[in-house]
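*Asks:* Produce the entire structure from the sequences given, and follow the hints as far as they go.
Each protein sequence line maps, in turn, to chains A and B.
When the letters of the first sequence are read in order and numbered with this note's numbering, they come out as residues 2 to 79.
When the letters of the second sequence are read in order and numbered with this note's numbering, they come out as residues 110 to 239.
Simulated from the structure, these hints should not be mistaken for laboratory data.
Don't take every hint at face value.
[Claimed, not checked] Computed, partial: chain A to chain B, Cβ under 7 Å: (1) Val60; (2) Asn66; (3) Lys69; (4) Asn75; (5) Pro76; (6) Gly77.
[Stated by the list, open to error] Within a straight-line C-alpha distance of at most 25 Å, the following computed BS3-like cross-link-like pairs (lysine-lysine) qualify: (7) B:Lys151 x A:Lys73; (8) B:Lys182 x B:Lys151; (9) A:Lys69 x B:Lys182; (10) A:Lys73 x B:Lys182.
Keep in mind that this is a model prediction, so the values were computed, not measured.
Ideal Cβ placement from N, Cα and C applies to all residues, glycine included.
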Amino acid sequence: MKQAGLTKQERRTTFETMRGTMAILLGGVLAGGTAACVNVSAPDKPIVINLNINVTQEVVYRLDNEAKSLIKQNPGIF
Amino acid sequence: MTYAKNFRTVLMVAGALAVTGVSAVAFAQRDPAYAAARAEGKVGEQPDGYLGVVGAGTPELRALVNSINIQRKAAYTQKAQASGATVEQMAFTSGCNLIQQTSAGEKYKTPSGAWATRGAGAPERDSRCI
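*Replies:* What follows is the structure in structure tokens.
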């Protein structure tokens, strides 16, 4: 391909500049990749999910009368 | 018009009474096998609102407890929906009451998970119970 208006010297300079830019970009991606890496390690203790967290004392207060009447209404199963 | 309306109301009340009467008969009292197992400490109340078998138990006893627990869960579910609560919340609150209502000699499960025999004093319950 013939590039009009550019001498051989100019073309080489352009090529080298591009190569330099690509090297910097590649380096940046690599460095960035390392910096953004998040290390996830499994805990050594087993994960315990406490299901009782759904029942607070506030809930017990609110439902206490309902529970009492439910028990009274079904003496055969309580 | 008014008479017809009144008559209809009377019919509805009578119908409601009949339904209540039938369900009251169905759940009138404890099954004799259940009553005996409770008195003998073979079954006990748990903090989660369900009945538990103390020790290994017999297949018959485990079937009895399962049957009662299924009925309890149905009752909790119905009441929980009416109260805008979860089944677990309704069951737990009932469990607090059921342990409180145990008679001397009956078994109940403490928050630590061990079976205890109800004595004369207050039972050992979860700190959230009131």
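*Asks:* Compare the structure with each hint and give your call.
*Replies:* Hint check:
no., hint, verdict
1, Val60, "holds, 5 Å"
2, Asn66, "violated, 9 Å"
3, Lys69, "holds, 6 Å"
4, Asn75, "holds, 5 Å"
5, Pro76, "holds, 6 Å"
6, Gly77, "holds, 4 Å"
7, B:Lys151 x A:Lys73, "holds, 23 Å"
8, B:Lys182 x B:Lys151, "holds, 21 Å"
9, A:Lys69 x B:Lys182, "holds, 15 Å"
10, A:Lys73 x B:Lys182, "holds, 15 Å"
Hint compliance for this structure: hint 2 alone is broken.
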